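K.L.:
Sequence:
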Amino acid sequence: MLDALLPILIFSALALAVIGAVRRIRLWRQGRPSPVPVIQGLAAMPRRYLVDLHHVVARDKVMSNTHVATAGGFVAAAVLMILVHGLGFANPLLGGLLLAASALMFVGSLFVARRRRNPPARLSRGPWMRLPKSLMAFSLSVFLLTLPTVGVLPEGTGSGILALALAAVLVWGLGEMVFGMTWGGPMKHAFAGALHLAFHRRPERFGEGKRSTGLKALDLNDPKAPLGVETPSDFTWNQLLGFDACVQCGRCEAACPAFAAGQPLNPKKLIQDMVVGMAGGSDAHYAGSPYPGKPVGEHAGDPHGPIVAREGTALVDAETLWSCTTCRACVEECPMMIEHVDAIVDMRRFLTLEHGNTPGKGAEVLDNLIATDNPGGFDPGSRLHWAADLNLPLMRDVGQVDVLLWLGDGVFDMRNQRTLRALVKVLRAAEVDFAVLGNEERDSGDVARRLGDEATFQSLARRNIATLSQYRFQHIVTCDPHSFHVLGNEYGALGGVYEVRHHSTYIAELFEAGRLHFAPWKGGTVTYHDPCYLGRYNGEYEAPRNVLRALGIEVAEMARSGFRSRCCGGGGGAPITDIPGKQRIPDMRMNDVKETGAELVAVGCPQCTAMLEGVVDASAEVRDIAELVADALVERPAHSGHDSARDPQPVAEARSVVKEVTP
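For the sequence shown, this note's numbering begins at 699 and goes up steadily by one.
Simulated from the structure, these hints should not be mistaken for lab results.
Errors might be hidden in some of the hints.
Taking lysine-lysine pairs in the PhoX-like style, the calculated list, with each CA pair at most 25 Å apart, reads [unchecked claim]:
hint, residue 1, residue 2
1, Lys1059, Lys1280
2, Lys992, Lys1280
3, Lys908, Lys922
4, Lys759, Lys831
5, Lys1220, Lys1123
6, Lys759, Lys908
7, Lys1220, Lys1292
This structure is a prediction, so every number in the text was calculated from the model and none was measured.
Sequences and hints are given; from them, build the entire structure.
P.N.:
See the structure below:
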């Protein structure tokens, strides 16, 4: 009886899964076109799944091994089940492999069950709580039904009632594992996730050591191109596919500084709201943590309705989008490699460009950038007033140097002027050939772009590119990770391709080349705060620590450091939009500092300095790495001269020239 029944059950489930897949693909295809290399993407999918994605999953060793056993066992068992029980290739070899695969899957499901017994708050509940039982039902029923195939049990063992019971358990497992994979059950991520990896919006993210963090530019010259995202269907189809791949593990939620601060943002909930909008409906069935202060069931939408409505029910409230600091902690932790920040900025773009709905001081800052080329509205001609006594060389006077020092808008901030003066002292101590743009320098456009004003960003960027094209230099060096990121990773799409270094990286190179010498550190305990735009955006974690070690400092690491560093709260225009929460993000970060017992926190970002120094009753002093280095400088020993072979900035006859495109 089972010999006749099993093929019917298996192929019925597969047929329904195919119907569900077609239906799901139609939902994704509501999005805007996005050309992808189909064959190349499908061919790359196994490596992206087994290597790139698993690097993220492997950060939790127990769950990594559980995933290998459960997912690997399921894939192998499903294929072998079709061969053995569906197509009738019932030989001992295939049957033995099927037993091994289903047993492996069953072991994995036991760990899933243990995980779900008392799940952490970040995990979604609801239908996800039945998943361990469904995994067990599938693996155990396949295992028992295969025993006669390998001769462990004689054919026809047991009664017809037992056979029907086993078939019923198999139907339960098939329903969850195969049918539910394409119709929207907890296993939906397995189908959508595989295709998401194949057709990822940022395929350049894949490959060892690769990183892609620059925002995609809008084509402002195309009158038909949407200015941001108003409705779910305004996302590209592979962005919608990416949202559907969410496994609701909540790693993004646990990493999000805005969520921890009680602001109305939960990146997991945001992605699920986009799925709701794509399919149509409400968030009433969402089974995870809500946005802080906003109960589940208040949001609804459809593919062609507004995501953020001025009146009535909407998928997302505007303040949810403006709570994001764009720190990419969510993206860094996501095991499905979903791009949360891209989606948030796309939605901000519509609010800003189409409606001018930028909260807090956002409108004022954008107006200042348009009128004065800096967010504070300061007189552009006063950009170098702080350095009147430094006699800084200007690019317009020298024309060609090794290093162009990008000052950033910290020139208008008295606190950051101390950092800049320290950096100038360091460069001069190392005898670096450098110059500044002076009053020719404009804001890099980072704040405008993160606030959604792509037009102002591109205007600033093109004018900066035009200015830079007049001069020759090897590198740009800056103490601002936001300018570092924008100049190095986002100007390229507009024609400005430069080699940009953060000042911590450059100082480390100068020390290694023997061009800097330091007195021994005699201060107290020091910890280091990783800026988001230096670390997660650009992968630079070691250079600042190398500089501190060169100073003789042993860093007392915070619990959240490196790629898991907590944001200071200063990115993405968050201090400008100023969405309230239960606590302030910089206060939480200074609590992290306090736990180390450090007397000083070293930083490498003007925004981080401002945010952390703004904490009332802070337990540690905040100082930029350049200030620590400048204080420790001693003269080079008389017998030493720096080795030109180790020199990071050798003077050559033909200096490398940036790609210069005049808009």
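K.L.:
Now look at each hint and say whether the structure bears it out.
P.N.:
Against the structure, the hints:
With a C-alpha separation of about 21 Å, the suggested pair Lys1059 and Lys1280 falls inside the 25 Å cut-off, and the hint holds. This hinted pair checks out: Lys992 and Lys1280 have alpha carbons roughly 13 Å apart, not beyond 25 Å. With a C-alpha separation of about 33 Å, the suggested pair Lys908 and Lys922 falls outside the 25 Å cut-off, and the hint is violated. A hinted pair counts as satisfied when its Cα atoms are at most 25 Å apart, and Lys759 with Lys831 qualifies at roughly 23 Å.
A hinted pair counts as satisfied when its Cα atoms are at most 25 Å apart, and Lys1220 with Lys1123 qualifies at roughly 21 Å. Distance hint between Lys759 and Lys908 is fulfilled; the C-alpha atoms sit about 23 Å from each other, no more than 25 Å. Our distance criterion of 25 Å between C-alpha atoms is met by Lys1220 and Lys1292, whose separation comes to about 20 Å.
Checked against the numbered hints given earlier, the structure breaks only hint 3 and satisfies all the rest.
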